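Work out the full structure, taking the sequences as your base and the hints as a guide.
Here is how the chains run, residue by residue.
Protein chains: 2
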Amino acid sequence: MSKKVTLFHEGSADMKSLLGGKGANLAEMTRVGLPVPPGFTITTQACLEYYEQGRQLIAERKAEILEALSRLEEQTGKTLGNPENPLLVSVRSGAVISMPGMMDTVLNLGLNDETVEGLSKLTENPRFAYDCYRRFIQMYGDVVLGIQHYRFERIIDQRKEAKGAKLDTELSAEDWQWVIERFKQLIREETGTDFPQDPREQLYGAVVAVFDSWNNQRAKIYRKIHKIPDDLGTAVNVQMMVFGNMGEDSGTGVAFTRNPSTGEKELYGEYLINAQGEDVVAGIRTPEPIAALAERMPEIFEQFQEICGKLEAHYRDMQDVEFTVERGNLYILQTRSGKRTAHAAVKIAVDLAMEGLIDQKEALKRVDPNQLDQILHRRIDPEAKLEILTKGLPASPGAASGLIVFDADKAERWANEGRPVILVRPETTPEDIHGIVAAQGVLTNRGGMTSHAAVVARGMGKPCICGCEKAKIDLRKKEMKVGDTVVREGERLSIDGGTGQVIQGEVPLIDPELSAEFQQLLTWADEVRRLKVRTNADNPHDTAKAREFGAEGVGLCRTEHMFMEADRVPLVREMILAESFEERQSALANLLPLQKEDFKGIFRAMEGLPVTIRLLDPPLHEFLPNLEELIAEVTKLSVTQSGSRELLQKENVLRKVRSLHEFNPMLGHRGCRLGLIYPEIYAMQVEAIFRAATETMEEGITVCPEIMIPLVGHVNELREMRKLVNEVADRVEAETGQPVPYTVGTMIEVPRAALTANEIAKEADFFSFGTNDLTQTTFGYSRDDAEGKFLHQYIDQKILPENPFISLDTEGVGQLVAMGVEKGRQTKPALKTGICGEHGGEKSSIRFCHQAGLDYVSCSPFRVPLARLAAAQAALQDEK
Amino acid sequence: MSKKVTLFHEGSADMKSLLGGKGANLAEMTRVGLPVPPGFTITTQACLEYYEQGRQLIAERKAEILEALSRLEEQTGKTLGNPENPLLVSVRSGAVISMPGMMDTVLNLGLNDETVEGLSKLTENPRFAYDCYRRFIQMYGDVVLGIQHYRFERIIDQRKEAKGAKLDTELSAEDWQWVIERFKQLIREETGTDFPQDPREQLYGAVVAVFDSWNNQRAKIYRKIHKIPDDLGTAVNVQMMVFGNMGEDSGTGVAFTRNPSTGEKELYGEYLINAQGEDVVAGIRTPEPIAALAERMPEIFEQFQEICGKLEAHYRDMQDVEFTVERGNLYILQTRSGKRTAHAAVKIAVDLAMEGLIDQKEALKRVDPNQLDQILHRRIDPEAKLEILTKGLPASPGAASGLIVFDADKAERWANEGRPVILVRPETTPEDIHGIVAAQGVLTNRGGMTSHAAVVARGMGKPCICGCEKAKIDLRKKEMKVGDTVVREGERLSIDGGTGQVIQGEVPLIDPELSAEFQQLLTWADEVRRLKVRTNADNPHDTAKAREFGAEGVGLCRTEHMFMEADRVPLVREMILAESFEERQSALANLLPLQKEDFKGIFRAMEGLPVTIRLLDPPLHEFLPNLEELIAEVTKLSVTQSGSRELLQKENVLRKVRSLHEFNPMLGHRGCRLGLIYPEIYAMQVEAIFRAATETMEEGITVCPEIMIPLVGHVNELREMRKLVNEVADRVEAETGQPVPYTVGTMIEVPRAALTANEIAKEADFFSFGTNDLTQTTFGYSRDDAEGKFLHQYIDQKILPENPFISLDTEGVGQLVAMGVEKGRQTKPALKTGICGEHGGEKSSIRFCHQAGLDYVSCSPFRVPLARLAAAQAALQDEK
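Those protein sequence lines, which keep their order, are chains V and R.
Here our numbering runs 234 ahead of the position in the first sequence, where the first position is 1.
Here our numbering runs 234 ahead of the position in the second sequence, where the first position is 1.
Read the hints as simulated data drawn from the structure, not as lab findings.
Note that this is a predicted model, so its numbers are computed, not measured.
Every residue, glycine too, gets a C-beta built ideally from N, C-alpha and C.
Reference listing, derived: stretches of chain V covered by chain R, where coverage requires no fewer than 3 residues with Cβ under 8 angstroms from a Cβ of chain R: (1) 935-949; (2) 973-985; (3) 1004-1015; (4) 1046-1053.
The calculated BS3-like cross-link candidates involving lysine-lysine, where the alpha carbons are at most 27 angstroms apart (straight line), are: (5) R:644 with R:712; (6) R:625 with R:704; (7) R:394 with R:355; (8) V:296 with V:237; (9) V:644 with R:884; (10) R:1062 with V:1032; (11) V:1057 with R:1032; (12) V:644 with R:870; (13) V:1057 with R:1057; (14) R:870 with V:884; (15) R:1032 with V:1062; (16) R:884 with V:884; (17) R:397 with R:355; (18) R:870 with V:870; (19) R:996 with V:461.
Below, the structure is given as structure tokens:
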């Protein structure tokens, strides 16, 4: 059996999986000669063994720990439990993947009734010694013995009250002795045994407690959120204590080697004189900014600066460093890559590359595309004067503005009618999903950052504020009250999910912009990536924004969004409710010029680049009034106004809505199935495209329309629709004399299309994988139903590793994508292939698209930068 | 260029694709020395050439026809257009696949004002000659010149009226001459030219007319119905006329060499003395049974019998023979394999094998499994005394009994509540599909055999009567009136779709039974087939029937059908509406003994054979009241009885129904997704299975339960559910001490399951392909919506070659099935695989299952014999 306990100087950074992140770092720092207090690491293997043995620390392991301890004693010249020269140690967790604050720590271990006396004598500071001892008992009591923290605090409070003291620092050595006795009494009462005086027993207890903390509730939740496997286990680091609280020549602090918020190259952090690390964290005393240390301890500051430089050079990244000064000696307790905002991540990566510490490719790898989502959201114009109503928890970033609505059904209906809404609920449940999908943003007055609304909104990239407790919501009256202000259904509300601000009325939103460093990074990305990046955009504004962000074309222009605009809905309804072909034709003729103008705007914005336009996709009843509401209205009218004209009219509409009603609209009469049964609708759209193209070309603008037929499952469908497109194109050309270059392709979004891609490719110039629908049909999941009814539980219970609507299911759906590409190219080697589902803007899915050999991904405008970076990272992974 | 016109004696039976069925037969009969009037065939190639040339008979072809004509003139010693000894010919179509009555024929061609005189002299029968001539003009006018038949008939009627004659036979030679003049005048008026006197022109005209008739409306429809390709073209047979109407020593007839209705070995047919073939068909004179010929023309009869024997021996099948006797000489005009009922087909195939004409394998190939559907339906007990209300068109065979319902929605609801219904509508439209699906049978008072109701019902194998015009349907009053009898909604009605009989009240139905010959044939089939045949059955009666029909196990026992029974629905609703886990448990505890008894009955009926039981599959809201109805009720109550207790209760139910409501239930919370979220439901079902098995085993009966988890898409789902099954099995065994042998498997019914079958097989003992759902998800079709909204048009327009819900889409869905089998066996070579969708009882799908290497197919009980035969045919095809 291999060694399961190693001293710091025996390890190195590459032993992370064994030593954990912290242990490997301590070892590495020791190895390169930094002033690290000595110690040893009990490896993750020992932790796994502990669990295998049914939560038992076996004798062999105990022996190994004692062996390491005795070597530590040699190194330090101190001995655990020796009153003459006591060794005190910290016992800390250290997982392979950092889980800050999730697991337990015990400090000052080794103190007992005897060694505390020794410490008192050695330091000539009895108050310090008893303070250390009471801190140790308190932590040990909490962490190892499971007695709640507040019960110890209450004893200290009693003493402070008795002494009329406000701060801990006002208590004397005697006070602490009194406190210690009461602490020991509490432990005796609670556990039935005395506080352990044997330092070895203390040590075993602390090690076991740290192992156990791997499976405490918050650690498990943290792992789930951050997708960290449960079977890694944690290492335990036993390290000589150093004390920042030994007087005015001592102190402790935390610093980042660069500003973690902006990325600026400056030491950033804070410190406290005469304090232990926990004092900094606890926030009882206000720490000073790290820059102030330059005056307070100029030599130490200089040494620290130098060490920070060394650390950055060694780790080639911005570091988050914990240090302690014990009686004028600087110790580095920990260093790790510092967490940073997306902004800082970009700047630091680019700066490090500019400084020559890393190369450009490394800089590209340093930024997590998923994190960029933070800065690629609309935000409130900082110039705007805001009427801030209240604040809640900033649960999902981005800002939104819309009409307030108090139930999900109405949110969906209003949104379908083209009205932007903010869904306001006491809290959301899975039954509200369709409302969240429809809304611009969500506000709840209950629930925290991990509430249903928060999780779902983040998943969808929608702004969300949770736990906005000051907003009193009255669902019956349909109003929200904040103090004396009442906001009623239909009134305008704005939210900033990044700050938690709730604002009455509309506020100007501005699009995100790219910093110079971000631009630089993306330029490097463009040099590396093979995948092209396009955008999903349905209007000129989004198209222009996407192009500014580097989009290389429109991958998906959904024409139905154009039908949804308020002024079009009556025309669209007229078209659908038409009783004859002629009536339908006349409604279509009115829609044509509107559609044409839409297309012209998009062609202009994408000048010279391809624009893929998908013909009408959703079932027609989506444009009609809601069936259930109609039933209620008709029933009511038939009781109250039997025989009235209004009733007759409504009954007529109800009849039509019923006739278009579907059991499973997702699998119903939509996509090219509409185009085949009502070719006049597609013909109108195609005519609008070609007229728009012709007119735009007359402006001297190059136009590259790619016409996309949705939901093809059999090559014959595409063949028929392609014929229709060609006929209309020929007709328009005959009339205008202006040929328009165009291609015709299809969405691959039902499994049969991928399975028969070799056939379908005969009629297609391009394939665009509609992975949203393909995921629905491949799994047999209706997204609307699944996310509300079982999908979250599936992910919680690890039935599925990920939400397949967010991260492409490479095993199943991906197999169809790969098959589609391969079979399609067998028939037509030059076939252009892309992806236009939401996965087109998600890191791991983009990586898959790269591997599957697609030509491009297409995503929402704000995700284009993210996709450019992710595509570059995917290409870099090939180089390995 | 190859020869496109051949004389009969130059051809043979194996030239069918060139000569057409009729031409090849004439050639073959000529070749084997039968008395066939000589002639020649213009090949299908010439027809295709005609269409390629834009409907032109090119000069080269005309020359070839004349060349053949002159050889025919040599053979017969007669000459076309020669008044001295005129050759008269028939010109008939002859497609490769017989399309009886669909295309055109011209008889007596060669007659003109001169040759008719010659014929008159030669036959010494002026009346006969002029009758022939007028017949020719009439047919030519109709077929070649496009003048409607009735306009000629009207002229004849005028003459008959003038003469006070009732029958054609009462008209004299002079009368016919008068008629002929008027016919020629009609033609002149209608076409602007004279009736052509040049026999060559007549011949070209007739050939072209036959070619054109390939694309007449009824031929096109016939091809669509019978799935005959449009690009085969027809041959044209030009044959010397022989006349059965030359006096009492002449005659004509049609006979089958065996009884086409029963299959008995006896000449079956009819003849007319002194008549032409069309007289037999027209039904003006009543023909005599063929047996009577033995007395009338004993020598001819003997000769004919002998020829029939030769023909059967030569063609090794029952023949349908047309013959003519001209002045004591027997001519055979046509022979072909005779159409026969399913009963006859079975008997003839077995008899021919017994007689040594064909071997057993050939006998198996001779019966079309699809035809067997005719005899494998429930029918009305012949002993029953029936109150026959009225009769309609027998549009889809089988008998059914149920409650009369006048709209599709209600039909569906009542059926869901376990009440059998007969859907009665004036006519059905695609919007009624769900009602047809739900109903036991369908009755309409409009529409014919090809109406929507008829086509859909036949497709689904449901009894249907159409065009029942005496039934007056009042949709508002919800009643049907026949004479004075009124049948109201909810009253019992029975229909026999095989006879068209509508019967008031309930009638006893009896299951089909297998004749001795059918049993024999199936025994032969069993010796040949590799595929096992199981049945889909949910109750002991169906299970027993299926076993009687040779089922080798239950392939699919749908447990939800047990939930639908009237006495269970309240319990099931209680279980679903439970507000707590405890409430649900208690409802489940009440369901358990009922389910257990169900299983015991099935285990007993399938003693010793495997029974695959699928756990609950449909979404829970299927068991609840209809949402739309509830909304209407609640709206009404809230207007009329605001605040009432009933309103509150209904609102409560509405809330729950709404919360279970799904946008796409087909893709929603069902199958194992239910089992994973509510494991207690599956646990109850599994417990019922194991308790039933234990108790049945105590009766000394061998039980082989196979527990099937529905809708698995990821191996983890199956892993969890398998654990649950094992736990319950262990628990029951611990309690009873009786181990039950069992296996656990899954349905493969979403594409992802097939794509990841290698993973899923790790947890599965068997795969059962649920091709209904797999078709829905692979195509992205909701069957309920597609069949109503676009699928029929897709098939009409040939976007899809077949309805994929009836005949397995081998290209797409089949690819997934084959992949599932292959990948599953990679992981687990002994994996058992079967199919349990409706395709399991369809011939071509069964063939695919055989080829894909499945172990079994499973189908409804009455289709088991069909499947046994189809499986044998599939195996025989391998031998080729």
